[in-house]
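Novice: This is what each chain is made of:
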Amino acid sequence: MIELKAIGKHYQMGEIKVKALDDINLEITKGEIVVLLGPSGSGKTTLLNLIGALDSPTAGEIDINGTRISKYKRSQQFKFRRNTIAFIFQTFNLFPTLSAFENVQYVAELSKIKESKKKSKDALEAVGLGGRIRHFPHQLSGGEQQRVAIARALVKESPIILADEPTGELDFKTGKQILELLVQQHGNGTTVLIVTHNREIARVSNRVVELHSGKVTSDGPPQNGKVPIDKLHW
Amino acid sequence: MIEMGNLKLLLRWSIRDLQQRWIQVITISIIIALGIGVYTGLSSTTPWRQTSFEESNEALNMFDLKMSLLTGGWINQTDLDALIMNLTYSESLKGIEYRISIPTTVNASTVNKSILVNGKIIGVDMVEGSEAVEVNGFAITEGRHIQSNERSENVCLVEYNFAQYYELTANNQTLQISGGYELSYIGTVLTPEYFMVVEGNLIFAESAFCALFVPLETAQFILEHSIGIPKGYINEVLFLFDEGGDITSFAQELEDEIETQYPQLSIDLMEKDEHPSYKLQLEDIPGDQEMYYIFSFLVLLIAIFGAYNLISRVVNSQRRQIGINMALGVPPRFIAIRYFLFSLEISLGGIFFGYIFALFFGHALGGVIKELIPYVVWREWLVTELFIQGTLIGIIIPIFASFIPIWRAIRMQPIDAIQTGARIGTGKKFSPFLTYLRLPGSIFLQIPIRNLTRNLRRTLSTFGGIALAICVLVGVIGFMDGADKLLADEEALIIGDSENRIDVTLNNLYNATLYPVTNMTNHEDVRSAVTMLQFPVSIYSTGKSIDIIMRSFNITNEIWVPLSASELEGKNLYKGAIISQEAAQDLNVKVGDEITLEHPYRESAFRYTKQNTTFHLLAIQKSNIRFWMYCDLTANSPIFNMTGLTNSLMVLPKAGVTELNLKESFFTLPGYSSVQSVTQIVKVYEELIEVFRSIFEVLQYVVIVLAVLLVYNTTSVNMEERTRELATMGAFGTPIRITSRILMLEAFMAGVLGSVTGYFLLSPFIVTVLENKVTEAMDEIGLTATLTLTSLGVLIVIGVILVTIIPLLSVRKLMRMDLPSALRVSE
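First to last, the protein sequences are chains S and L.
Numbering-wise, the first sequence is residues 1 to 234 according to this note's numbering.
Numbering-wise, the second sequence is residues 1 to 827 according to this note's numbering.
The set of hints was computed from the structure by calculation and includes no laboratory data.
Some hints here could point you the wrong way.
[Stated by the list, open to error] DSS-like, lysine-lysine: derived pairs with alpha carbons at most 30 Å apart:
hint	chain 1	residue 1	chain 2	residue 2
1	L	120	L	272
2	L	622	L	544
3	S	17	L	813
4	L	622	L	485
5	L	370	L	120
6	L	120	L	279
7	S	114	S	79
8	L	813	S	19
9	S	73	L	813
10	S	79	L	813
11	S	71	L	813
12	L	272	L	544
13	S	112	L	813
If you're wondering where the values come from, they're calculated on a predicted model, not measured in any experiment.
Isolated chain S, as found in the complex:
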């Protein structure tokens, strides 16, 4: 369970105080798939970063599975992320000098997963990259790189996956494959939060939280209803 209570995040830019998030209240249940939708600058990535303990709120509380992470010290945040959160980034953020397998293995070993090598290989096979495990990021296509990033998120079996514009750098077809993989994880009981500015992509979920200028403007099913991934068009 993710609970956000009156969350605010302010930045001081010179003399101007920028309100990135203002009075956000949300509850996300375990195993739910939620899309955070909004235009650029709406605060959706900031919100994702706060849930992932990459940042701390300037106001309000965040509780995850009953633990107040908003008050965490930096070292606690590291531990929390290591044990609870898996990130997927728009620009993949793979380690360029490690092979696909090693990128996954890195996270597995970091999280002290038993049989890390086998599980890393399994994760890559699960995302359809069993034949390319020795390839380095520069030898993979964008879609393949994002699948490595998903395998990296899967291998640690974290209860929460946070995906920031996971299809942003990908073509339509590859993007759909990636969404398919994320939805599968939700099916396995993992809580998945997807950040996107694309209203069509938001239709993968039953619950879309829309943000505008740092405020939640709507929270519910997508405007045009949920559709299966193969029916999506953007």
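For this one, chain S is given, so just place chain L on it according to the hints.
Specialist: Here is chain L on its own, set in the frame of chain S:
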């Protein structure tokens, strides 16, 4: 063509680049500055020294020609003056000084310190006071000159270097000399012959040698009362010539005339350039400059590596910006100019700091030289041409260092430059095999090695910097250790089984079985004594020659022998010589080979000539100092026509009798000249080597600073370049300690590889170069670089441990990293 407005924009932009990376910029500037500083600073001392040397000798009228009578020879001053004035070439004489030079022992002990050393009394004509001495004049540094009315008083001027060494001041202290005479110390004096004290084969001999300048009449009085030479006799003349005077013809004429009028006397004529001290000072200047060139070259090379490495990283880390510029259609030259301006700004910093370092190094080394060779005139100025060269170096290094990375960056397709993440710095072009290199162990071990192999060129430049630093340190520390080892080995060899052995020098040749020799050999403080003949000789072989001190004594005696009896068994001692391995190496001879000995031959009591005799090499002593030659006295004394005579003793004092005790006991004995420990020679070389040591030590610290700056900057740019990777690691919860460990492991690997490369591949080269230079500067010793375990440990600490811990300086930066922003950073 770039318009002025654009240029201003580029300038502003490059200044902002500079502000953004000011720590790195200052570090690169300091790296370059150290190179400029070492080159300009050290090299500046060469013209300073040359000018000071010339002006000092000119100011005090260093002689052009010196005539000395060989040991025991004396000549009447009035007669000699008449002879000289009748010479055809005497018209070009500008000044003459008639002098007396007699060896002595000086007791300059103070309340706190016992100072008993070998010395020389130099009687100089002071009819008009010591101020008016025409040739080899005196500059008083402390106290006062001898006045004309003191010309027969027991007053003396003490040579400056000796006084400095023992911190003596001219306060009318009474100095005692051999025979019990007392002189009042009224002034400390600098004179050209002793700007650098060279006595016998010893350089910087001020700790063991004291020159006392007294009025000629005082010296003659001492002479008359000690060995019975009547007043009016001298044994040394100094000549000063007019500009363009024909010194060679004068010398020839003088020699011929002495030969005719005084056939019983032998003279030695020495031109200024042959005077050991003058010659050494003159030859040392270009020799030392070569050494400075080598040092500067090495430091500059490290600076080039450092600057190239860092500037290329800075440019590379801005690759995306370059790509965006290219995508916007900005001409490549326009982009290049921004980075060249950036390099130029770094070079300005380099020149600024370089100027400060140059002043510092120059002044520091100048101080060392000034202390070693206290010229009466010392000039220090900004050597414009060197500073211009330094400035050019300061500009060329960063421009050169930035050329390749800029060229590579603007040659790239914009889309490749703009791409982020996985495509940056994969090293796919240069290290395809290394990319797959995998070490046994966890994934955390793979990251550092992959980071090292991701861009081989860049990694090699880091290795190169560390390797160069290590190789210079191996050379420098190796020589300091080598010097310590050499001195320790020599001391052990000289001491042998006879630790308390002492050398006693007599003031003349005496019958070995009669008084005054027996007075010393049978002295109550002496347990046993061996009589010796000792004089300088030259050895020739295969076209090479060396000057050496010959010691002839019973080489199977019970006090000390250069080689054991078994080593000499069955060998023919007649015309048999034992020399050191250093001498044998220099002469390219081996045991059994023939050598020619140019030695004194005693024609009569006051006449000695030089003769050549062929000796065979009996044995080679394991010594790396080319100082002594040994031969058996009984077998060989007839060769010198000195059978039964002796001029020195090897003495073993009774238990509890020290060197000082013996000096005190012998001081007043007739015939006695000096007492010194057999290891005195080692102490002298220790001081000589000290000169190199002081320069080597400075160089050592410069190189360490360079290495630290280089690695610090590399780490800092690495972190900047890998911000996103580090942030990703943070996003997945990698603890700071693991990230730091990865960075440290990478630095450790660079340190190990760089150190190994520097030690095994580069250092043999630098050691050879330095060995050649040291051999040129001190050819009488065989100094080789040796590293002790402690020094090896120091090198490991610098090359590996220091390099490994430097990334810890970046921990704070890691801890404060703004992860959300860093994750979006694309350059």
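Novice: It remains to establish, for every hint, whether it holds in the given structure.
Specialist: Hint check results:
no., hint, in the structure
1, L:120 / L:272, "holds (20 Å)"
2, L:622 / L:544, "holds (21 Å)"
3, S:17 / L:813, "holds (25 Å)"
4, L:622 / L:485, "holds (14 Å)"
5, L:370 / L:120, "holds (24 Å)"
6, L:120 / L:279, "holds (21 Å)"
7, S:114 / S:79, "holds (18 Å)"
8, L:813 / S:19, "holds (27 Å)"
9, S:73 / L:813, "holds (17 Å)"
10, S:79 / L:813, "holds (19 Å)"
11, S:71 / L:813, "holds (22 Å)"
12, L:272 / L:544, "holds (23 Å)"
13, S:112 / L:813, "holds (26 Å)"
Figure legend: structure checked against the earlier numbered hints; every hint is met.
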